[in-house]
Each structure stands twice: as structure tokens, then as C-alpha cells.
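Chains as they are written, first to last, in numbering that gives the first Met the number 0: chain V, 0 to 303; chain R, 0 to 303.
Among the hints, erroneous ones may be present.
Where chains are identical, the list cannot tell them apart; a pair therefore holds if satisfied intra-copy or between any two copies.
[What the hints assert, rightly or not] Subject to a maximum C-alpha distance of 20 Å in a straight line, what follows is the list of computed SDA-like cross-link-like pairs (lysine to any residue):
no., residue 1, residue 2
1, K112, D285
2, K112, S34
3, K254, R40
4, K112, T144
5, K254, D115
6, K112, M98
7, K54, F15
8, K25, K54
9, K248, H175
10, K112, P96
11, K254, A37
None of these hints come from the bench; they were simulated from the model.
Number of protein chains: 2
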Amino acid sequence: MSITHNFSSVTSLNVFFEEVRQSVEKCLDDLIPRSNLAPERLHEAIRWSAMAGGKRIRPALLIATGRVFGAPPGSMIRTAAAVEMIHTYSLIHDDLPAMDDDDLRRGRATCHKQFDEATAILAGDVLQTLAFQAIAGDENLTPATRVRLISILAEASGTPAGMVAGQQLDLDAEGHDISGPELEQIHRLKTGALITAAAKAGAVIGGASDAELEAIEQYAAKLGLLFQITDDLLDVTQETGVLGKTAGKDVAAEKATYPGRYGIEAASSKAASVCDDARADLLPVDRDTQMLTAIAEFVLHRTR
Amino acid sequence: MSITHNFSSVTSLNVFFEEVRQSVEKCLDDLIPRSNLAPERLHEAIRWSAMAGGKRIRPALLIATGRVFGAPPGSMIRTAAAVEMIHTYSLIHDDLPAMDDDDLRRGRATCHKQFDEATAILAGDVLQTLAFQAIAGDENLTPATRVRLISILAEASGTPAGMVAGQQLDLDAEGHDISGPELEQIHRLKTGALITAAAKAGAVIGGASDAELEAIEQYAAKLGLLFQITDDLLDVTQETGVLGKTAGKDVAAEKATYPGRYGIEAASSKAASVCDDARADLLPVDRDTQMLTAIAEFVLHRTR
Numbered sequence: 000m001s002i003t004h005n006f007s008s009v010t011s012l013n014v015f016f017e018e019v020r021q022s023v024e025k026c027l028d029d030l031i032p033r034s035n036l037a038p039e040r041l042h043e044a045i046r047w048s049a050m051a052g053g054k055r056i057r058p059a060l061l062i063a064t065g066r067v068f069g070a071p072p073g074s075m076i077r078t079a080a081a082v083e084m085i086h087t088y089s090l091i092h093d094d095l096p097a098m099d100d101d102d103l104r105r106g107r108a109t110c111h112k113q114f115d116e117a118t119a120i121l122a123g124d125v126l127q128t129l130a131f132q133a134i135a136g137d138e139n140l141t142p143a144t145r146v147r148l149i150s151i152l153a154e155a156s157g158t159p160a161g162m163v164a165g166q167q168l169d170l171d172a173e174g175h176d177i178s179g180p181e182l183e184q185i186h187r188l189k190t191g192a193l194i195t196a197a198a199k200a201g202a203v204i205g206g207a208s209d210a211e212l213e214a215i216e217q218y219a220a221k222l223g224l225l226f227q228i229t230d231d232l233l234d235v236t237q238e239t240g241v242l243g244k245t246a247g248k249d250v251a252a253e254k255a256t257y258p259g260r261y262g263i264e265a266a267s268s269k270a271a272s273v274c275d276d277a278r279a280d281l282l283p284v285d286r287d288t289q290m291l292t293a294i295a296e297f298v299l300h301r302t303r
Numbered sequence: 000m001s002i003t004h005n006f007s008s009v010t011s012l013n014v015f016f017e018e019v020r021q022s023v024e025k026c027l028d029d030l031i032p033r034s035n036l037a038p039e040r041l042h043e044a045i046r047w048s049a050m051a052g053g054k055r056i057r058p059a060l061l062i063a064t065g066r067v068f069g070a071p072p073g074s075m076i077r078t079a080a081a082v083e084m085i086h087t088y089s090l091i092h093d094d095l096p097a098m099d100d101d102d103l104r105r106g107r108a109t110c111h112k113q114f115d116e117a118t119a120i121l122a123g124d125v126l127q128t129l130a131f132q133a134i135a136g137d138e139n140l141t142p143a144t145r146v147r148l149i150s151i152l153a154e155a156s157g158t159p160a161g162m163v164a165g166q167q168l169d170l171d172a173e174g175h176d177i178s179g180p181e182l183e184q185i186h187r188l189k190t191g192a193l194i195t196a197a198a199k200a201g202a203v204i205g206g207a208s209d210a211e212l213e214a215i216e217q218y219a220a221k222l223g224l225l226f227q228i229t230d231d232l233l234d235v236t237q238e239t240g241v242l243g244k245t246a247g248k249d250v251a252a253e254k255a256t257y258p259g260r261y262g263i264e265a266a267s268s269k270a271a272s273v274c275d276d277a278r279a280d281l282l283p284v285d286r287d288t289q290m291l292t293a294i295a296e297f298v299l300h301r302t303r
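Next comes chain V alone, as it looks inside the complex:
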């Protein structure tokens, strides 16, 4: 439990992230139809968004959590790719003119700017389909595990307890004064639910006990909150070129954010204390959770 943000843990975490990135991108490449297959434009659009890099933090969290409970690597990769497909579909739709109307994502043009709105809507739609299809067809897992994972992912990305519910609440809140608890609820759903599902999926594949699953959920919920606070902070403190997406857009859209509500300094302190809480949540798990604490530290200190 005594891991701090020192050189060796950063190095091994970076190696791990790079391994995850490579294996997830290979899996995405296998799961998404080729761009030379009809309809070419649709498949190009999906690949434009899904293969654009990105931090792949959700797959990394899933795989790191699975490793804690001894899940074999091959049993997790499709579910990890599925979570990333859900995340990417949400980004494509979030960036649409009717939603956040953004031109830049992961350092390149958003899907509807590069292609067109109709294609971007369909690309997002079908990435969601491909995600559930990937898990349903994963022969490395028993059917019972597959339906459990699909249920976890659907609940976390849907409504009333998931990502889309959070997006709707976020839209509804634009330009309105909302309370602190309302702000946390939006982020718990919009960002936290899918991050929690990723960790939970890894734990389920690894065969974690109910008590362990509960601890992992607590940890991941804090991690999701931490991720959102640092996301909000980066939006106001970093440049567009570093982020790979438009900086300063939360303020422009009158979005509810932590620095907007509490100021940069208080939001930074909150981030540090949420990171401590996340680490504490792992205490009941009698396994080697070093990688999970390192991920929380990484999210706290990230610069993009």
C-alpha cells in the first residue's frame, strides 16, 4: 500500500499502459470491419475514431483489475476492447453539433468534421453494437460470464444508472446553477459508471469474491470521480495542443465543473483526497493491488 509516485512505479505503469494499448488496438483492429469492406465510408469513420490513439485508460483499468485476481490475459482483451468501443461511441456522439459541437478529439478532427453528421451518428451507433457483439461472441468466457459482463456494461452505459443518463443530466444542467451533490451525480453517471464497469468486469473475469468486488467498485467509483476532477482541471489549465481536444470548452458551454464551482486550488485538493480515498478502498483486498494504486496516482498527476 506504500506505493508513491516514484520513478520505478511510473516506469512499470508506462510499460503496462503501452502493452495494453498495443493489445487493445490489435483487438479493435480485428473486431472492426476493414475500411475496404462495404460500406467503406462507415468503416473508415469507425476506424478514424476508434484507432485514433487515446489513453485507453478503461481497458488498462480492466486488465489491471483482472490481473489482481489472476484472470488470464486472453480472457480480458475482448471485454477491454468492448469497453473502449462504448467509450468511443460516446465521444463521437458527444462531439456532434447537437451535443457539444466539437471539432477536435484525440488530436484530430472529430468524426462528423472528417466525414459528415449522418456517418458519425451511424459510426457511434454501430460501435455500441460491435461492443456487445464482441463480448457475446467471446469463446474464452463461459456464456454465464458473458451475459454478466454484458449486463454490467449495459447498465453502466445506459439509463437510469449509466453514462447516457449522465450525458442527459449534463445537457439539462447547462447554463443552470446546480448543487455540489448534483454535480457529483452527473459525473458519477457520465464518467464514473463506465470506469467502474471496467474495473468490475476485470474483477468478474478474475473470479473475485463478492466482498472483493464491492471493494473494487468503491475504488473505481473514486477513480472515476478523480478522473473527472482532473479532466475539468486540465480543461482550464492546459492548452488544446496538449489535450488533443478543445481546451476551455467547459467554461464556454457553461458546463458544471469542479474548478468552476470550487476554484482551481480547492479542486486540486479534492483530487488529492479522492486519490487517497481510492487507495484506502483497496485495503480490504488481500491481493497485490500495487498496479491499481499506481493507476490512481497516475490519474491524479496526469497532464493530458
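Position chain R against the provided structure of chain V, taking the given hints into account.
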């Protein structure tokens, strides 16, 4: 095999359709979060589109096919509702300004007209999620059957062999001259794939043999084609008030259609011969397939 479009079959088919409508709408009502639950606007929007009536032809086909193979009613209803949710999500997104830009659907304002574009995008997104979630959590079916049904539905609604692929090809074809086979391919994917999946799902739940499944697939593929041809015909021959959606819009959008390509008379003849083919496809199935032939007759003669 000698069912014709006579009074008694029409009556019993109408009774069956009404039973299906009631049970599917009850199931949809159970599966979709209440409108008084946050985010209210999202849940109202989903219900606006999903509970707006509609013919519920896909659930009826699923349940009729399942009955052919002796599936218990309770084992089919969630999957039938899931297919209808996928269909409804596709209608909501199809009607968006960036797609077909339509104001009227199922006799009322389209989702984005009644609410707003962002809410309509999210309502469609989450109906897809709820569909897969409904099947994954259906305890009337074994996990193995559930993953098989999810795979069938995902393949049929996705890409390269499903509905979204067909929608993209349809968009890409607007304003272009396309060949007869290209037109059939668009409709096979855009409309046929989900109709075929509905029949196939019923057969799978009923435990049909591989040979029976093959025959049902052939039948349903013809039924899907028949459905599209009559849809195209109704678009040019019926009034908006009867259809419950904007009539004449295919011509306005320079959509590829059967009457557009072959004329109304030849398209009507083609519909009749496709209906005969659908009936013939059922010959190898040594069960009571009367209801399935009656459904094909119904689609041939439908007036909305």
C-alpha cells in the same frame, strides 16, 4: 400451405397481432425506466417513441416463429421487445435532421421535434443499450441462448451484414443511379436483416433444427424484401395521414426504391411473387406454419 387471404385467417391474425401488441407494450413499459425517474426528459423521450404504437410486426414475427417450434410465450417476450427497441432506436436516429430529417413518425411528432436533437440522439443510443440489456438479463433463457440471441441481434443491426450498414449504403446512394442488385442489397441490410433476425430468434428460442433455421431464414429474408417493396409502394400511393409518417419522401430525397426503379405496376407484381417465394420457403418445415404464411399475405396486402 393453402391459406389464402380469406376472412378467418385475417381475423385470427388480427387477434394474434393485438395479443402481441399488448404483451410487447407491457414488456416495453417494464423495461424502460419511468418518466418520473431522472433523467426525466430522456425517459419521456424514449417512451414517446417506443410507446407510440407502430405495427410491432417484428415482435409478432418473432413470436409467431417461436410458436411454430413450440417455444413457451414467456420465453420470447423480452427478446421480442428487444428487437422492437432496436427498430425504434433506428427510427429515432433515421428521422434526425442529419439523416432523413423527418417531422412525423407513427402518427406523431418525431423524437427530435417533440424534444430536441441531443435528447433524440441519446434516446436512440440508450434504446439500443436497453435492448441488449433486456436479453442479457432474461432469466427465462439459458445464458447460452442469451448470448446466441445477442449475437444474432447485434449482427443483424450492425455492420457489415446488418441494419446500420444498410442505412449507410442508403445514404451513400442518395442522388446516385444504382443497379437492381445494389438496391436489393441496401434493403436486405437496412430492413431485411432485422426482420430475419426476429424470425431466427424465435426459431432459436423454440429449439429449431439447423435445417429448419435455414428455411426460416430464407422465408424471413423474402418477407423483409416484401416488406420493403410494399413500404416503397405505400410511400408513393398512400397519404401521410394514413401512413402516420411523411408520404412521398423517398422521391423527394431521391431515394433508391422499387417503384422508383421499376414503376408501380412492376413493383406490385414483384411483391406478389416474393410473397409466393416466402411461402414456398416454408415447405421444408414440417410444422404448422400457417401463421407465417398469413403474415406474408398480410404484409403483401397491408395499407399502411
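Intra/inter-copy verdict for K112 and S34 if alpha-carbon distance must be at most 20 Å: For K112 and S34, only the intra-copy Cα distance (18 Å) is at most 20 Å; the inter-copy one is 34 Å.
Alpha-carbon proximity between K25 and K54, which holds within one copy, between copies, both or neither at 20 Å: within (15 Å within a copy, 43 Å between copies)
Copy assignment of K254 with A37, given that the CA separation must stay at most 20 Å: between (39 Å within a copy, 19 Å between copies)
Intra/inter-copy verdict for K54 and F15 if alpha-carbon distance must be at most 20 Å: For K54 and F15, the Cα distance is within 20 Å only inside one copy (12 Å; across copies 52 Å).
Alpha-carbon proximity context of K254 and D115, limit 20 Å: Intra 26 Å, inter 18 Å, cutoff 20 Å: inter-copy only.
Copy assignment of K112 with D285, given that the CA separation must stay at most 20 Å: The answer is neither: 48 Å in one copy and 54 Å across copies each exceed 20 Å.
K112 and M98: within-copy, between-copy, both or neither at 20 Å Cα: both (14 Å within a copy, 15 Å between copies)
Intra- versus inter-subunit Cα pairing at 20 Å for K112 with T144: neither (39 Å within a copy, 41 Å between copies)
Intra- versus inter-subunit Cα pairing at 20 Å for K254 with R40: Only across copies: K254 and R40 sit 18 Å apart there, 33 Å inside one copy, limit 20 Å.
Same-copy or cross-copy closeness of K248 to H175 [CA-CA at most 20 Å]: within (16 Å within a copy, 39 Å between copies)
Within, between, both or neither: K112, P96 at alpha-carbon 20 Å: both (10 Å within a copy, 16 Å between copies)
Violated hints, listed in ascending order, are 1, 4; each of the other numbered hints is respected by the structure.
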